[in-house]
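Asks: Each chain, letter by letter, is given below.
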Amino acid sequence: MNLLMVQRILGLMLLMFSLTMLPPVGVALAYGDGHSQPFLTSFLIVAAVGALLWLPVHRVRRDLRLRDGFLVVAVFWICLGIAGATPLLLSDAPVLSFTDAVFEAVSGFTTTGATVIVGLDDLPMSILYYRQQIQWLGGMGIIVLAVALLPVLGIGGMSLYKAETPGPIKDQKLTPRITQTARYLWFVYAVLTAACAVGYYIAGMDVFDSISHAFSTLSTGGFSPYDANLGHFDSAAVDAVATVFMFLAGASFTLHFSALRRQDPQTYWRDTEFQAYFWMVAVVIVGVTAYLLQQREFESLGTSLRHASLHVVSMQTSTGFQTTGFAHWPGALPTLLMMLTLVGGCAGSTTGGTKVIRWLLVLRQGLAELKRLVHPSAEIPVKLAGRAVPQRIISGVAGFFAMYFVVFAILTLLLMMFGVDQVTAWSAIATCINNTGPGLGDVTLNFRDIPDAAKWICTVAMLVGRLEIFALVLLLTPTFWRR
Amino acid sequence: MKIIILGAGQVGSTAAQQLSREQANDVTVVDTRDEVLRDLQDRLDIRTVSGNAAHPAVLEAAGGGGADMIVALTSSDEVNMIACQIAWTLFRTPTKIARIRSGDYHHRPELFGDAAIPVDLAISPEQLVTDYVERLIRYPGALQVLDFADGRARLVGMRALKGGKLVGHQLRELRTHIPNREVRVAAIYRGGQNVKPEGDTIIAEHDEVFFVAARDDMRAMMKELHTEEAPVRRVVIAGAGNIGFRLARALEDRAQVKLIERNAERARRAAETLRNTLVLVGDAADEELLLEENIDDTDVFVSLTNAEEANILSAMLAKRLGARRVMALINKPSYAELMEGGKIDIAISPQTITIGALLAHVRRGDVVRVHSLRRGAAEAMEAIVHADSRNAPVAGKRIDQIDLPEGTTIGAVVRGEQVIMAHHDTVIEADDHVILFLTDRRHVEDVGRLFQAGTRA
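In order, the protein sequence lines correspond to chains Y and F.
For the first sequence, our numbering assigns the number 1 to the initial residue and increments by one for each residue that follows.
For the second sequence, our numbering assigns the number 1001 to the initial residue and increments by one for each residue that follows.
Among the hints, a few may not be true.
Listed below are several chain F residues computed to face chain Y (Cβ distance under 7 angstroms; list not exhaustive) [said to hold, decoys possible]:
id : residue
1  : D1026
2  : T1028
3  : D1045
4  : I1046
5  : K1332
Worth flagging that the hints you see were computed from the coordinates, not collected in a lab.
All figures in this text were calculated on a predicted structure; none of them were measured in a lab.
Positions of the beta carbon are idealized from the N, C-alpha and C atoms, including for glycine.
Make the full structure from the sequences, and use the hints.
Replies: Shown next, in the form of structure tokens:
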């Protein structure tokens, strides 16, 4: 363990993060909401803490080991929650308790999009902008951004990158240099965000709303500056733009980059995970539309399709945008949509959930087991795009699911212990651990009314989910700390 | 530069490590073993591709299309050659380097060329090691001999012994001892400590002294550190493999060579080809055999078998039985550092030698080579001064005007055939080969940047 080096990087990254307090100041000045003070103060506080951490050890140069990488990522994300909550705490509109401020910040960074604030429409622009911005930073990963911008991280960059990016297979780099890979990913992310903002603008939003919503669309966050969320606009065009870009955000950004570089849309189609993702979304949309029509929830096929596709994509990609909401939909639909979010998008995307590829692998492994019952001595490798997947990765996926469900169960039970009813409890944990946002029961619209202890549990669930269980749980194991 | 390295063996992974440390290089490593690649990827900032290095699809996945150089270091000569062929045919890769072990290929230089097998440089580790050992044997007392500027200047490491004229004297007296000789002491290693060589430094017995000298001035300086040593007369080589056999053939006309080989069949084949070498069938770690063959009268004992542990043991045994200088072929760098200077005089590391030669060609431009001195005492670098070094103008400057990183000194300048020892007022000219010494390995890159040609950003 290389604690000095960990401290140095933490300090450096906090310094970098403190700079992100400045754009909201700009927004405050531009819109004259007179609300720049909390951000300026937070900027100074976070920068000072970062400098205090960094300065004493800024000369320490050692290679970052793999395990240091996990430590940096886990500790930094916890710091982010607190540092990111500072302006919300300092602000007088809204007035938030410490618990609520941290919950809101973590919900933003982890791109969950669950909120404890009611009355968003009346808040200062700068605060609203800040909520959207932290989602955007957290989406592709602020650590990946640090890797892209701070070449000092060097080799250590790889271990940081690995600990923050989602997915079971992380050894495939776009370029030999990790810095370059991280830059490309952020580049694609920024380009898609810009495209999305333009789309929203054309669909009729104003500049502020376009950018804000583009931030939370590409990061699959789901915050909106309005209490009514996307429903505020009640526009089919806005819904369409949101659906398309949420869907894109749910695909791997590595894949986006490859397609962009080759100038060949066929690239998407050659990717097994993307195919599975596409079909899954398509089939569920058709099913949900049909059921909604049959139950006469909406009048016409068009409206059914519009609301079905928005909510299905929103839940599958763990964004959590809503127009009408789906909690009151008939039959199995609310539960179905909650289950969709459990799957999530593709590995290497900004979505939460357990990722399509993991399900693909375990399902194929399950089919192989079935075959083996009939042909006990058959050699049946699990294949992906015609290539056998190493057994180690499949075991890793199996281990991931085991941990995922254990953590899920424990957190749900804890929530119920604090007096939350069953449907609210499991849907709250599902929506937090998968970084989605809306739940069922008491947390359908927001998380304001559950007890403080429950909010903390949800906060933990969001962090655990964003770092894909292992990175955080690892710190609790003796193996990690043993020398 | 975009470099593809094929084969993640010892040489391949060390080359990847050294090259990826320089920011300008993008390194991709190809190998068939997933675990090895995973380990490498965890340690280094490189890309790895798993698959057969000679398959076009694998080369393409490794970025063959845009690569500037391909370095084929797999364990198979044939795979290396085919990989170069494919890279040339499909991607027109400009530089192709391959490790070719088998001497058969090297005997036919016409095989390699754009019209035949497109390998720009065929590296033969066996030949390199043989040359290295032969050079060590030619200079009795030398612990390390490194060539600079194609051999015009050499760096020699040797232990100071009682009877050497400079031993017990200050370094500055060197000028009166051997006037008009171009010699510069680069590093002194005393009892495991690095001593900075200055005018008033006194050379003590058992110091390991590294000096750089023009080729013709080497012997004069060596006499300063040793009593004049008789040239090597009697050599015992253990192991009649590729290296042992070649070494015996290179030495047999100048010295009395005995070659010990355990395998009777191989011994017979060696005996058939060699003319003046006495080939013995037996175990090099057999005390009786060694004594029988007058090991106590042997000038040099070299063990060159495939088993490094056996090499270490037989060399230690030979030393105890009275061989004057013993060398052992040791692959693992950690073993080499452990043994060197203790029970064994010289550890020969094929890896280090191969990598040195390899990197010398990879870094054709500015920094030609970087050698580590024994036990990492210091790094010695050779860099070429370009007239067009726009962003780092070294040419035309006096040495004391050049902003060198801390702990870095310019030792010598090779200008054409002339070797000039550097003084603070020596003016560096374009096309000079500058030899530098660095006490800190981390500055290698900084120095490289100083000499970088202006054409490369």
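Asks: Which constraints among the numbered hints does this structure fail? Numbers only, ascending.
Replies: Of the numbered hints, just 5 does not hold.
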